[in-house]
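> Kindly generate the complete structure, drawing on both the sequences and the hints.
2 protein chains.
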Amino acid sequence: MMRLIVFLLCFMLVGNLIAVQGQDKRLGKDYAKVASQIMGTALIEGQAYEKLEYLSDNIGNRLSGSTQLNQAIEWAVNAMKADGLENVRAEAAKVPHWVRGEESAEIITPAKHKLNILGLGGTIGTTSEGITAEVIVVRNFDELDKLGEQVKGKIVLYNSPMRKDLPTGQAYGEAVRYRGNGAIRAAKYGAVAALVRSVTTVSLNTPHTGAMRYQDDTPKIPAAAVTIENAELMQRLYVKGEKIIVKLKLGAQTLPDADSANVVGEIRGSEKPEEIILVSGHLDSWDVGTGSNDDGAGCVIAMEAVRTIARLKLRPKRTIRVVLFTNEEKGLFGSFAYRDTHKQNFDKHVAAIEADSGGTRPIGFSFKGSNSAFALVQEISTLLRNLRSDNVELSSGGVGADISVLTDAGVPGLGLRNNSSHYFDVHHTDADTFEKMDRTDLALNVATMAIMLYVLADMPQALPR
Amino acid sequence: MMRLIVFLLCFMLVGNLIAVQGQDKRLGKDYAKVASQIMGTALIEGQAYEKLEYLSDNIGNRLSGSTQLNQAIEWAVNAMKADGLENVRAEAAKVPHWVRGEESAEIITPAKHKLNILGLGGTIGTTSEGITAEVIVVRNFDELDKLGEQVKGKIVLYNSPMRKDLPTGQAYGEAVRYRGNGAIRAAKYGAVAALVRSVTTVSLNTPHTGAMRYQDDTPKIPAAAVTIENAELMQRLYVKGEKIIVKLKLGAQTLPDADSANVVGEIRGSEKPEEIILVSGHLDSWDVGTGSNDDGAGCVIAMEAVRTIARLKLRPKRTIRVVLFTNEEKGLFGSFAYRDTHKQNFDKHVAAIEADSGGTRPIGFSFKGSNSAFALVQEISTLLRNLRSDNVELSSGGVGADISVLTDAGVPGLGLRNNSSHYFDVHHTDADTFEKMDRTDLALNVATMAIMLYVLADMPQALPR
Numbered sequence: 006m007m008r009l010i011v012f013l014l015c016f017m018l019v020g021n022l023i024a025v026q027g028q029d030k031r032l033g034k035d036y037a038k039v040a041s042q043i044m045g046t047a048l049i050e051g052q053a054y055e056k057l058e059y060l061s062d063n064i065g066n067r068l069s070g071s072t073q074l075n076q077a078i079e080w081a082v083n084a085m086k087a088d089g090l091e092n093v094r095a096e097a098a099k100v101p102h103w104v105r106g107e108e109s110a111e112i113i114t115p116a117k118h119k120l121n122i123l124g125l126g127g128t129i130g131t132t133s134e135g136i137t138a139e140v141i142v143v144r145n146f147d148e149l150d151k152l153g154e155q156v157k158g159k160i161v162l163y164n165s166p167m168r169k170d171l172p173t174g175q176a177y178g179e180a181v182r183y184r185g186n187g188a189i190r191a192a193k194y195g196a197v198a199a200l201v202r203s204v205t206t207v208s209l210n211t212p213h214t215g216a217m218r219y220q221d222d223t224p225k226i227p228a229a230a231v232t233i234e235n236a237e238l239m240q241r242l243y244v245k246g247e248k249i250i251v252k253l254k255l256g257a258q259t260l261p262d263a264d265s266a267n268v269v270g271e272i273r274g275s276e277k278p279e280e281i282i283l284v285s286g287h288l289d290s291w292d293v294g295t296g297s298n299d300d301g302a303g304c305v306i307a308m309e310a311v312r313t314i315a316r317l318k319l320r321p322k323r324t325i326r327v328v329l330f331t332n333e334e335k336g337l338f339g340s341f342a343y344r345d346t347h348k349q350n351f352d353k354h355v356a357a358i359e360a361d362s363g364g365t366r367p368i369g370f371s372f373k374g375s376n377s378a379f380a381l382v383q384e385i386s387t388l389l390r391n392l393r394s395d396n397v398e399l400s401s402g403g404v405g406a407d408i409s410v411l412t413d414a415g416v417p418g419l420g421l422r423n424n425s426s427h428y429f430d431v432h433h434t435d436a437d438t439f440e441k442m443d444r445t446d447l448a449l450n451v452a453t454m455a456i457m458l459y460v461l462a463d464m465p466q467a468l469p470r
Numbered sequence: 006m007m008r009l010i011v012f013l014l015c016f017m018l019v020g021n022l023i024a025v026q027g028q029d030k031r032l033g034k035d036y037a038k039v040a041s042q043i044m045g046t047a048l049i050e051g052q053a054y055e056k057l058e059y060l061s062d063n064i065g066n067r068l069s070g071s072t073q074l075n076q077a078i079e080w081a082v083n084a085m086k087a088d089g090l091e092n093v094r095a096e097a098a099k100v101p102h103w104v105r106g107e108e109s110a111e112i113i114t115p116a117k118h119k120l121n122i123l124g125l126g127g128t129i130g131t132t133s134e135g136i137t138a139e140v141i142v143v144r145n146f147d148e149l150d151k152l153g154e155q156v157k158g159k160i161v162l163y164n165s166p167m168r169k170d171l172p173t174g175q176a177y178g179e180a181v182r183y184r185g186n187g188a189i190r191a192a193k194y195g196a197v198a199a200l201v202r203s204v205t206t207v208s209l210n211t212p213h214t215g216a217m218r219y220q221d222d223t224p225k226i227p228a229a230a231v232t233i234e235n236a237e238l239m240q241r242l243y244v245k246g247e248k249i250i251v252k253l254k255l256g257a258q259t260l261p262d263a264d265s266a267n268v269v270g271e272i273r274g275s276e277k278p279e280e281i282i283l284v285s286g287h288l289d290s291w292d293v294g295t296g297s298n299d300d301g302a303g304c305v306i307a308m309e310a311v312r313t314i315a316r317l318k319l320r321p322k323r324t325i326r327v328v329l330f331t332n333e334e335k336g337l338f339g340s341f342a343y344r345d346t347h348k349q350n351f352d353k354h355v356a357a358i359e360a361d362s363g364g365t366r367p368i369g370f371s372f373k374g375s376n377s378a379f380a381l382v383q384e385i386s387t388l389l390r391n392l393r394s395d396n397v398e399l400s401s402g403g404v405g406a407d408i409s410v411l412t413d414a415g416v417p418g419l420g421l422r423n424n425s426s427h428y429f430d431v432h433h434t435d436a437d438t439f440e441k442m443d444r445t446d447l448a449l450n451v452a453t454m455a456i457m458l459y460v461l462a463d464m465p466q467a468l469p470r
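Read top to bottom, the protein sequences are chains A and B.
The first sequence lines up with residues 6 to 470 when you count with this note's numbering.
The second sequence lines up with residues 6 to 470 when you count with this note's numbering.
One should not assume that every hint holds.
Heads up, the list lumps identical chains together, so a pair's fine if it works in one copy or across two of them.
Said to hold, decoys possible - Taking lysine-lysine pairs in the DSS-like style, the calculated list, with each CA pair at most 25 Å apart, reads:
no., residue 1, residue 2
1, K38, K86
2, K34, K86
3, K151, K245
4, K348, K322
5, K151, K119
6, K38, K318
7, K193, K248
8, K318, K34
9, K193, K225
10, K99, K245
11, K119, K248
12, K99, K225
13, K157, K30
14, K151, K99
15, K277, K322
16, K441, K248
17, K252, K277
These are computed hints drawn from the structure, not numbers from a lab.
No experiment lies behind these values; they were computed from the predicted model shown.
Following this line, the structure appears as structure tokens:
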């Protein structure tokens, strides 16, 4: 009847379309049905958003040693029990207990400027009168080394920008050296304090804290982050030859180590319960913002991934163990405690996964392990092609700080990767808060994690080393 | 053992958390399990991305009357059959057949400037020598009316920007009046051609075509879109008092109406097969770009939503009918053909849904119907809370152009809503192409549509009018 009926097209085209599905890899094919169940449950019934809202808003930030971290540990224990996990427990760990106290800083010469600062984590305090000294601005350690003893008695400001032209992780890695080692390097030349430009490319006069180190053979000097705006102001004054005098007060103290705990829960394996697939985030945060991105998101992704599997009454061959580590931020003490408690059992840890890059759209996994293991992880990833989560990469590192004690012992490691283009905008700041979370993206992370986790725990052969 | 074990917190908190799930509305609760199945299938096994890639790249743009539209109709018929739909058919419709031909325009005075233009859909052509005439620039119809007969023998340029400070849909609605009626209004005063600033807020010298109208009692004059850049150039010259001469050639022709078709497929209802839930997109596009956003995305969302239900072998009480309309762009002729064929049956159309706002993240539905129907649609939407698709709004319009013949007859209508903040950037341009699609977002649209569709088709009582 219609002219176009005689066009005789397309039947083979539809055939081709169906053949191009990309799920022809074995594990991807074998686990398509259960992956679909997991995906549906995570997206329709998932509570990741509500969990993270509670952790962020009702508990708040969670520095090691703080009351809030202890509240978070209690909350996680109870939530895991309510989620139907087995063997839920808090495994003891001792953690550093540093407190910030009152802080302030201002330029008093050549003009009055209040500085927005955050003492770096672990810094010593100043006396209550503070330190008043001249500021020397350097772009990098080379410039510091050239100045040498000229910084004696001065405050060194490292104004080393986080580069926008590098991949985010690499840019962070290069800039964060000044935060980590700036105080040591400046103190060697006799500086009395160190200021560090915040490690971010974006700022609305926002200071970013983070960990810093001291060294036994070098004097300890106070160290604080300043904002991009404040660093650039001092840079401009310095270049013009102005003498810059800053008054810095830090009320920081280090108290005796505190009791803390890693929170652990499991779905015991049906056939090989002694073999463990570990999934993790870290429950502690800095004492600013609410640690919603770092690493509240990772914790709820791990918790909800396991809850999704439990809710479906799925019992894989191997045990799935969720571990929410304590005190990643101030030195991996939770991770070390886990190692001390479980190291005799590391050969039974088949894989370890960490979520510690926020809650934005999942883009895949980084992977550390053998090529034969990598090939299997790639097969699983075909299940996630509609989430663009199939870009698994073999990496020499970067699968997660907390699980490094496991990967260092040869356990294959995976890191959930997210679109992290804005991750460092709010990292370790007062702006790391809940409203930045996207409910859908968070649920997609849970599904991505749960599917990877379940297949690793249930596939016929354990992931090889 | 541990100090924190005595903190005695949180059990009630976990209880509260679970109570706050938001799925306590009846339909949301009753259909949670099947929604989960649909979601999982759409996300894990969905082929929306591949379907749209094929339609975009292997068929291309699909203007009414074109060979490509006929190819698309054939492809859709075959794809629906392969997807397991019933009663798949092409329902005949006559459509206008306008062809663009060769086009060019340039400013020849006061300086040579090539203009990037697209003839508006339905425009008459110029003679082969083109029209060479002075340009009068107006911001709006008021300015035109003030000039009146002064535009006689001239080309009128409407330089009315799409506003960035209004909601996207409203801004589009205000600016598009000049495209639709500009030629009529200018011709009344004796203008020889109309140029219209492209309806967009973003341009890299990109012209946007679209439909325009003529009126029987007014001379037909050629009409074309110019880019923001070209419109602003002419505005600047005009304000300086320069005489602007433009040469415009349009090779457009209107051929006799062509045969075309709406593509229809069904899942027949198990209990009330005569009651119909209609889901739609429009298969035609403009003759630029590949119509991936407008409305290739909507077509594959509708097709895949129904395929997802068919694949799960779900058979709801009512019939689900997918209709891919022909020729929305040049006057809703597919929609009118559907009305002519089915109007005796409109009382059995329980609801009509359209997807025609691209493939970006779904954000909910617009709804046109009674308050009692609205309340039920809201209940269903609780299933979609993790997709942020629960913001159903009662609207007086805006649920979809193709289904207006149904909503005008009292059928409750729904429009799938997307994050449309960038929808008009590429609308009706050569830049409406496949690489702008996000695989995950497209799959989320399919799931959102399929869940709404299935519950409407299966819920105990038909959606009331």
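> Now tell me if each hint is right for this structure.
Here's how the hints hold up against the structure:
1. K38 / K86: between (27 Å within a copy, 23 Å between copies)
2. K34 / K86: between (33 Å within a copy, 24 Å between copies)
3. K151 / K245: within (19 Å within a copy, 59 Å between copies)
4. K348 / K322: So K348 and K322 pass the 25 Å test inside one copy only (22 Å; across, 58 Å).
5. K151 / K119: Answer is neither: 30 Å inside a copy and 58 Å across each miss the 25 Å cutoff.
6. K38 / K318: both (15 Å within a copy, 14 Å between copies)
7. K193 / K248: Within one copy, since 23 Å is at most 25 Å while 74 Å is not.
8. K318 / K34: Both ways: K318 and K34 sit 21 Å apart in one copy and 19 Å across, limit 25 Å.
9. K193 / K225: Answer is within: at 10 Å inside a copy they meet the 25 Å cutoff, but 84 Å across does not.
10. K99 / K245: Close neither inside one copy (49 Å) nor across copies (77 Å); limit 25 Å.
11. K119 / K248: For K119 and K248, the Cα distance is within 25 Å only inside one copy (17 Å; across copies 57 Å).
12. K99 / K225: Intra 23 Å, inter 84 Å, cutoff 25 Å: intra-copy only.
13. K157 / K30: neither (64 Å within a copy, 69 Å between copies)
14. K151 / K99: neither (41 Å within a copy, 82 Å between copies)
15. K277 / K322: For K277 and K322, only the intra-copy Cα distance (6 Å) is at most 25 Å; the inter-copy one is 45 Å.
16. K441 / K248: Answer is neither: 41 Å inside a copy and 53 Å across each miss the 25 Å cutoff.
17. K252 / K277: neither (62 Å within a copy, 80 Å between copies)
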